[in-house]
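Here is what each chain is made of, one letter per residue.
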Amino acid sequence: MIDLHGRAVRARIEQWREAGVIDAATADRLAAHEAAGGGASGFHAAFTLIGAGAVALGLAALVAANWDALPIWLKLGAHVAVNLSLGVWAAAAVKRQPGGAGAEALLIVLSGSILAFIAHVGQSFQLQGDLFAPLATWLALTAPFTIALGRSLALRWLFTFGVAATLAAGAEIYIEALARAQLVGACAAALLAVAYAAPLAARGFAAAPLWGRHFNQLALGALAALTPFLAEIGWRIDIAAADPAHVLPEVIRGTVVACAGLALGGCGLWLRARRTADGALVGDWRFTLFVAASPAYAALPFLVGGGDSPMLAGLAYSAYWLAVGWFAHMAGSVGFYRLAVALVALRLFSAFVEAFGGLLMTGGGLVAVGTLLLGMGWAAQRYLRRRAAVQPETTP
Amino acid sequence: MTRNLSRLALLLLPTLLLAGWAASIALQRVAQPTLRIAIVGYDPRDLLRGHYLQFRLDLAAGESAPCACLDANPADALRPLVRAVACDAPPTPAACPHFIESPRQTFRYYATQERALELEKLLRDKPGGAAALTHFHGDGRVSFSDLVAAP
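In order, the protein sequence lines correspond to chains A and B. Take the first sequence: its letter number 87 is residue 86 in numbering that gives the first Met the number 0, and every next letter is one higher. Take the second sequence: its letter number 84 is residue 83 in numbering that gives the first Met the number 0, and every next letter is one higher.
Be careful, since some hints might not be right.
[Claimed, not checked] Rough simulated footprint, nothing fancy, chain A against chain B, three-plus residues with beta-carbon under 8 Å:
#, stretch
1, 8–22
2, 109–123
3, 141–150
[As the list claims (entries may be wrong)] Each pair of labels, with its calculated beta carbon distance range:
#, chain 1, residue 1, chain 2, residue 2, range
4, A, L73, B, Q112, 14 to 22 Å
5, A, T25, B, R2, 33 to 41 Å
6, A, G362, B, Q112, 45 to 53 Å
7, A, D237, B, K125, 49 to 57 Å
8, A, G101, B, L4, 15 to 23 Å
9, A, A180, B, E113, 41 to 49 Å
These are computed hints drawn from the structure, not numbers from a lab. Ideal Cβ positions, reconstructed from N, Cα and C, are used throughout, including at glycine.
Using the sequences and the hints given, assemble the complete structure.
Here it is, written out as structure tokens:
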């Protein structure tokens, strides 16, 4: 078999050596590594993947063709056996190489197969109900092994989407009842406590720091999204007139509690994450103070009874994100700076589309706002390049 | 060793718990009272949602009660009589073996694609032309185990 992959790698190593990127000794070691089987692994993996995929698809087709004829106990029993096998396999893979691609893939497949099993039981016994119960059950069962053993970005985001989907399904069913019972705030606080406690509970495991960082980023991201959104609602509406049943204020109180929790937790985690090896703080404390004060800003329009002004809402939104951009710039937080610039640009774009009526005016508005956005993008790019030349990039 | 065992427990316990849950449903189902009840399609334009047939129970008058006991109907075996009861103080299983919450709610029945299309045709051609074997869980919830053409 012609070893095209190996030939390409050897050529690349030679190019790197000639360009002075690697020295001759490193080039020799890389070439020896490739000659020892590095080139063959790609073919082996491809054949394994295609072969295993074909077998799996064939088995699935055979089962699907006879699905009705199979008794429930056989179908569910086979699914249990598959899940147990996946569990044992995943345990062995995690032990062999924690965080390795194989282990992470098996954890993802096991997690998905557990969700599929819940659906399978529901379908087999024709159980009636909403989406929240199966999703919450799945999350409760898979969260311990996901947080304790999972490390990859894919698994962390799968878990995050699972949490978001479960919360959305729960909110759809229970939000009004919770608001009537004035329990939205308590639920938001409990949820945050669980979110912050999860990495602490898994602190004995090597994956805990990764999850801590992930929750930190989620907390700050959620805060950055919730604060101006909530404030914009407040600046847009007349609260007493909009909601005579006072359901909305309770939901808003809950969101403010969530914002406060996210701000405090986010600041704590951010500060902890941004210390140097000798314990000194990195960055600018003003950004931390600004983040901590965000819940107060979110509550402000509601405390004054609402603004009843879309224009005020738009200006306040842009001002908030400009402030985020400024403080992020001061703190050297490039990620938040980029986010702030992008969101201000989007808000301006939507404001132009909203403001101009008619095709001709809309066209003119789009040209104007497009030019403005191009200018902002160019300025941001120039700033980031200049900044990257001065100091290495840091993110929260 | 302990770490290996805890890792294995984390990965196997979810499946074992769910297997126990499935077994408990199967065991409870044997003891649950059942009734075969005629059904009607929920929306004649859109009976099927994917593999799910959407339907309502074709009950005699009174089915709009939030909670009800279904009693055998001597005049029509597939359309039980509806006796309204209080939701917050449901009767004992002896007094009301067929207790149901929201009898007018829309139910879903999962079937394979071919079977779902057959059932859809059955209900479209003749409303009430199919009947579901309904299992009463005792707490107001119901589930179904069989859906066939009504005799």
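Results of checking the hints against the structure:
Under a criterion of three residues with beta carbons nearer than 8 Å to beta carbons of chain A, the stated coverage of the stretch 8–22 of chain B is upheld, 12 such residues being counted. Counting residues of the stretch 109–123 of chain B whose C-beta lies closer than 8 Å to any C-beta of chain A gives 3; at least three are required, and the coverage claim holds. With 4 residues having a beta carbon nearer than 8 Å to a beta carbon of chain A, the stretch 141–150 of chain B meets the requirement of three or more and the stated coverage holds. A hinted range of 14 to 22 Å for the beta carbons of A/L73 and B/Q112 is consistent with their spacing of about 21 Å.
Our hint of 33 to 41 Å for A/T25 and B/R2 holds, since their Cβ atoms are close to 37 Å apart. Restraint check, A/G362 to B/Q112: a C-beta distance of roughly 48 Å satisfies the suggested window 45 to 53 Å. Hint check: A/D237 to B/K125, Cβ distance near 54 Å, so the stated range 49 to 57 Å holds. Checking the proposed 15 to 23 Å range against A/G101 and B/L4 shows it holds: the Cβ atoms sit about 21 Å from each other.
The given range of 41 to 49 Å is respected by A/A180 and B/E113, whose C-beta atoms sit roughly 46 Å from each other.
When held up to the earlier numbered hints, the structure conflicts with none and fits them all.
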